[in-house]
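Heads up: the sequence lines are chains A and B, in that order.
Anchor point for the first sequence: position 91 equals 90 in numbering that gives the first Met the number 0, and the numbering is continuous, going up by one each time.
Anchor point for the second sequence: position 291 equals 290 in numbering that gives the first Met the number 0, and the numbering is continuous, going up by one each time.
Quick caveat, the hints were computed from the structure, so don't treat them as lab data.
All values reported here derive from a predicted model rather than from experimental measurement.
Incorrect hints may have been included.
If chains are identical, the list can't say which one is meant, so a pair holds when it fits in one copy or spans any two.
[Unchecked claim] DSSO-like mimics (lysine-lysine), calculated; alpha carbons at most 27 Å apart, straight line:
no., residue 1, residue 2
1, LYS356, LYS212
2, LYS353, LYS274
3, LYS356, LYS202
4, LYS29, LYS72
5, LYS375, LYS54
6, LYS54, LYS68
7, LYS202, LYS212
8, LYS243, LYS367
9, LYS72, LYS356
10, LYS68, LYS396
11, LYS363, LYS349
Number of protein chains: 2
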Amino acid sequence: MTLSKKPVTGMKDILPEEMEIRDYCISVIKDTYGKFGFTSIETPCIENLANLNCKAGGENEKLIFRILKRGEKLDLANAQTQDDVSDGGLRYDLTVPLVRYYSAHEAELPNPFKALQMGSVWRADRPQKGRYRQFMQCDIDILGEASNLAEIELILATTTTLGKLGFSDFKIRLNDRQILKAMAKRAGFEEEQYDEVFIILDKLDKIGEEGVKEELLKAGYSDESVKTFVSLVTDLQNAKEPVKLMQETLVEKGFLDASVLEGFDEIIEAVTASKGDFFDLEFDPTLVRGMSYYTGTIFEIAMPQYGGACGGGGRYDGMVGKFTGKQVPACGFSIGFERIIMLLLENGFKVPGKGEKTAYLIEKGMPKDRISAIMKEAQDARANGSIVLIAMMNKNKKFQKEQLTAQGYAEFKEFYVEELKK
Amino acid sequence: MTLSKKPVTGMKDILPEEMEIRDYCISVIKDTYGKFGFTSIETPCIENLANLNCKAGGENEKLIFRILKRGEKLDLANAQTQDDVSDGGLRYDLTVPLVRYYSAHEAELPNPFKALQMGSVWRADRPQKGRYRQFMQCDIDILGEASNLAEIELILATTTTLGKLGFSDFKIRLNDRQILKAMAKRAGFEEEQYDEVFIILDKLDKIGEEGVKEELLKAGYSDESVKTFVSLVTDLQNAKEPVKLMQETLVEKGFLDASVLEGFDEIIEAVTASKGDFFDLEFDPTLVRGMSYYTGTIFEIAMPQYGGACGGGGRYDGMVGKFTGKQVPACGFSIGFERIIMLLLENGFKVPGKGEKTAYLIEKGMPKDRISAIMKEAQDARANGSIVLIAMMNKNKKFQKEQLTAQGYAEFKEFYVEELKK
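One chain only, chain A, in its complex shape (with noise of 0.2 Å):
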């Protein structure tokens, strides 16, 4: 039996350098989090398969890690498909198990509930740079709140931490569904066609105006609906005052509700008034978002100098009453935690220092009565707070040090045992 020295295939090891920038975002989040009230929760990385597998998942639930049965429930001689030797799967998101957890919880929990959870998922994706097969996901729902009041904290609270970290000139790219669909309603397409119509909206930034075209089209749409819905779409973009446009051509000719119209109107004005200038919040009616839950709001983090979206979210009211049978309206949000650390990774970030480091280092063969004394003068410095690294002196001590320089620790102090030589 030979060992691996190699992680499982897709999934990295992180050393020091980036765990402590990892660490440092984990503790920046929460506090950041913690300060809007949101509370944090944690549920185990197995779900049960037939909830992995109840289509809120979307294209990840073809990416599932199974489990493996054990004991007498595995049947091998009789097994014909994976779900007869599986009983669990690791979770690809922690909105499934939110749901979950929530619709067990209800009554423990505070009403509404704001939650964070920072967790990893698993995907079994082809391998490719930079995309790994286990990953960290941050996200931040709001359970039972039915009002705006739910995005506008949300993004108030994710782009305040983004702050924190040190990101700026962002911008967060808002749209809802309900929009998305007056607009295919008043082109002529039927609500069964909605779904297609928005996936093959959502390549715009990639193949243009005309290749949505073409490409709906081609779909078998009719000229007149297609020509009217991506005018739709691109006057929205280019409007200078697209909440009146969307009042004249949508809620007035009874497309769209204009309670929702109001609604979304509000989470801009009360997003801006308070936001700060680093970031930008801008209404993009071309904005899809992948997942077919979302009934409501959605949004996106553009960070376009970076080469794309770097967290997102919305509304989805009715993923809590399939567990439940009862109608909770819910609304999250996502920060791509990997690609956030994979940033400040490449930008050469620096975690602000948590108090000063300094090496002790050893001569061999030092007396134990001195080695003792050794050690209480650290333990002393360091409940003042100092950061002490005690190591044995090595016989290459020019070399020593300057691994330990480069680890940070700015001071030595050596000690020899004739304490002359010091």
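Start from chain A and add chain B according to the hints.
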């Protein structure tokens, strides 16, 4: 397909109250170990099965949650054993992954390497009260340090951490596998019998001195050996100067290397000199520790008032060599994280406050511009360090405030549509 609200068998959801304590402990642990120069690392939760089954996991190797093969690799029709259908497993501890990690990255890591790992592990144990199939482990390890500095630092770092978490009056029990072996040798046992003898000795606090004798005799060992061994152990246990006694009975008679005893003594002296008086350090010749990979010093945190061990560790110099062929000294200490959390919960531990907690309650129907102003006010208060939760005012405001008070919100600010009502 029915969705299940419950977590999978044997695993648990963590509610906000417990999670707050967990987050607090994690931050104290990371901070305190950081003061000793330990750096955080992380490995994937899935490891190759060959690594997990390398005999370093003891009984835990029988408790692995295996990962089902995927795609073409899963050939159920021809599968005979679970090895045919699984290609990875969830880690059952953090030691095997650490050793693999070190083997893979040795060149990029400081030498000696002081690692801190906090992460979940999984064991398909029979579910029982208070024991879960997913739980957090918290390990510190020093790799590449042959001297007793490793033991001294591990014990000081761990006990300092426990002290910061408010624990006192506990005991660190200390022994050495070499001393155990010397006693067994002196009693006339053969090397291949040692493991069995130690396993029986390990039961001493459960079955007593007579019980140990009885079991050893039943296992077929000679009267003479059993008698000698047990009296060596108990004499040492009762000795006022155990080091002196070991010098006479083990070192001078050639059963124990003088340097082992000197080193052992050095650990006791150095820790005693700098430890403070909130815990005791005690040589305990009956301490065995389960894992067979230990090669030298072993230690355990005893909290008798809470019914048992809350962590432990020791030196395991042979394990890195299994991966690299090169011997690397290694020593580790693991805190029983879940046990610590349980104790804090049971004792009604309250996490130190992180800021003033204020709840803003907004009456329904608040106009847009007022919502914006309230959000701005909350953002400013958060920037100044306050925790501000914003919620829509419920019909039953009294109940709502009671709930919020239970969550620690001491101040309330109410916003009414008609300002006068305020």
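Each hint, compared with the structure:
no.: 1; hint: LYS356 <-> LYS212; result: neither (61 Å within a copy, 53 Å between copies)
no.: 2; hint: LYS353 <-> LYS274; result: between (29 Å within a copy, 23 Å between copies)
no.: 3; hint: LYS356 <-> LYS202; result: neither (51 Å within a copy, 44 Å between copies)
no.: 4; hint: LYS29 <-> LYS72; result: neither (41 Å within a copy, 40 Å between copies)
no.: 5; hint: LYS375 <-> LYS54; result: neither (60 Å within a copy, 39 Å between copies)
no.: 6; hint: LYS54 <-> LYS68; result: both (23 Å within a copy, 22 Å between copies)
no.: 7; hint: LYS202 <-> LYS212; result: within (11 Å within a copy, 77 Å between copies)
no.: 8; hint: LYS243 <-> LYS367; result: between (81 Å within a copy, 16 Å between copies)
no.: 9; hint: LYS72 <-> LYS356; result: neither (54 Å within a copy, 50 Å between copies)
no.: 10; hint: LYS68 <-> LYS396; result: neither (54 Å within a copy, 49 Å between copies)
no.: 11; hint: LYS363 <-> LYS349; result: neither (34 Å within a copy, 45 Å between copies)
In this structure, the hints that do not hold are numbers 1, 3, 4, 5, 9, 10, 11, in rising order.
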